[in-house]
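S.K.: Sequence:
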Amino acid sequence: MRTKTKLLYQTMTGGLFLLLWFTVIGGTVNGQTDRNITIRMLDSKTGQPITTSELQFWVGTSLESAKTAGISPRSVRPDKDGNAEIILPAADSFITVHAQYGKARWGYVNCDRLKDRGPFREHWYSVSEIVTTGIAVPNYCSKQKAVAKPGEFVFYVRPMTLWEKTHE
Numbered sequence: 004m005r006t007k008t009k010l011l012y013q014t015m016t017g018g019l020f021l022l023l024w025f026t027v028i029g030g031t032v033n034g035q036t037d038r039n040i041t042i043r044m045l046d047s048k049t050g051q052p053i054t055t056s057e058l059q060f061w062v063g064t065s066l067e068s069a070k071t072a073g074i075s076p077r078s079v080r081p082d083k084d085g086n087a088e089i090i091l092p093a094a095d096s097f098i099t100v101h102a103q104y105g106k107a108r109w110g111y112v113n114c115d116r117l118k119d120r121g122p123f124r125e126h127w128y129s130v131s132e133i134v135t136t137g138i139a140v141p142n143y144c145s146k147q148k149a150v151a152k153p154g155e156f157v158f159y160v161r162p163m164t165l166w167e168k169t170h171e
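Quick note, the sequence shown lines up with residues 4 to 171 if you use our numbering.
Mixed in with the good hints, there may be bad ones.
Under the rule of at most 30 Å between Cα atoms (straight-line distance), these lysine-lysine pairs were calculated in the DSSO-like manner [claimed, not checked]:
#	residue 1	residue 2
1	K146	K168
2	K146	K83
3	K106	K48
4	K168	K48
5	K83	K148
6	K168	K83
7	K83	K48
8	K152	K48
9	K106	K168
10	K168	K152
11	K48	K146
12	K48	K148
13	K83	K106
14	K152	K83
Now the in silico label distances, taken between C-beta atoms and shown as ranges [what the hints assert, rightly or not]:
#	residue 1	residue 2	range
15	T36	W166	19 to 29 Å
16	T55	E125	33 to 43 Å
17	E88	T169	34 to 44 Å
18	W166	D37	34 to 44 Å
19	K146	I90	30 to 40 Å
20	E57	E125	26 to 36 Å
It should be emphasised that the hints constitute simulated quantities derived from the structure, not laboratory data.
Backbone N, C-alpha and C define an ideal beta-carbon position, used for all residues, glycine too.
Modelling step: build the complete structure from the supplied sequences, incorporating the hints.
M.R.: Structure below.
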């Protein structure tokens, strides 16, 4: 009888230990799933932060699901230094960012593509790459360059031309 009680006690103790272990590990892993990203939007000519616009960003779990059509963007305002902080869950793998300006809400043209392709061509970037190494996108509008730190996404914009505004 004592052997059964001892065996039952050892089994319950082992089970409680495993439950505690999984709770601690699960809490640690779950706490690490959210990822903080700092977005900086820079003027393509001057390299200075643009702080007056609201940034709109779209996220997706894969490139196939990451399409802006039909999905409402999330918005964030940069602080006085031009930094916009966002927190993304682990499921979000890709991100694209745009911004608007003026009373007519014209869209800035992202300079990570050639000038003659219209204002809203989407380029998607890996969230895990942003978190681990940082991404400073190419600036095809001028020779300004930036360096991104881990957790930082830096992109350049320019205002739309009159032609782009009339053909939007």
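S.K.: Hint by hint, say whether it matches the structure.
M.R.: Here is what the structure says about each hint:
1. With a C-alpha separation of about 24 Å, the suggested pair K146 and K168 falls inside the 30 Å cut-off, and the hint holds.
2. Simply put, K146 and K83 have alpha-carbon atoms about 25 Å apart, close enough for the 30 Å limit, and the pair holds.
3. Between the alpha carbons of K106 and K48 the distance comes to roughly 22 Å, so the proposed pair stays at or under 30 Å and holds.
4. A distance of roughly 20 Å separates the Cα atoms of K168 and K48; the hinted pair therefore holds under the 30 Å criterion.
5. Between K83 and K148, the direct Cα distance comes to roughly 21 Å. Compliance with the 30 Å bound is thereby established for this hinted pair.
6. For the hint linking K168 to K83, the alpha-carbon distance of about 28 Å falls within 30 Å, and the restraint holds.
7. The suggested pairing of K83 with K48 holds, with an alpha-carbon distance near 20 Å, which does not exceed 30 Å.
8. Our distance criterion of 30 Å between C-alpha atoms is met by K152 and K48, whose separation comes to about 21 Å.
9. Of the supplied pair hints, the one linking K106 and K168 holds, its CA atoms being roughly 13 Å apart against a limit of 30 Å.
10. Proximity of K168 to K152 is assessed by CA-CA distance (about 34 Å); at most 30 Å being required, the pair is judged violated.
11. The straight-line distance between the Cα atoms of K48 and K146 is roughly 8 Å, inside the 30 Å bound, and the hint therefore holds.
12. Proximity of K48 to K148 is assessed by CA-CA distance (about 10 Å); at most 30 Å being required, the pair is judged to hold.
13. Only pairs whose Cα atoms come within 30 Å are accepted, and K83 paired with K106 is accepted, the gap being roughly 21 Å.
14. With a C-alpha separation of about 19 Å, the suggested pairing of K152 with K83 holds against the 30 Å cut-off.
15. For T36 and W166, the Cβ-Cβ distance of about 45 Å falls outside the hinted range of 19 to 29 Å, so the restraint is violated.
16. Checking the proposed 33 to 43 Å range against T55 and E125 shows it is violated: the Cβ atoms sit about 23 Å from each other.
17. Remark: the range hint 34 to 44 Å for E88 to T169 is upheld by a beta-carbon distance near 36 Å.
18. Between W166 and D37 the C-beta distance comes to about 42 Å, which sits within the given range of 34 to 44 Å.
19. Hint check: K146 to I90, Cβ distance near 33 Å, so the stated range 30 to 40 Å holds.
20. Evaluation of the 26 to 36 Å hint for E57 and E125 yields a failure: the beta carbon distance comes to about 18 Å.
Hints 10, 15, 16, 20, counting from the list given before, are not met by this structure.
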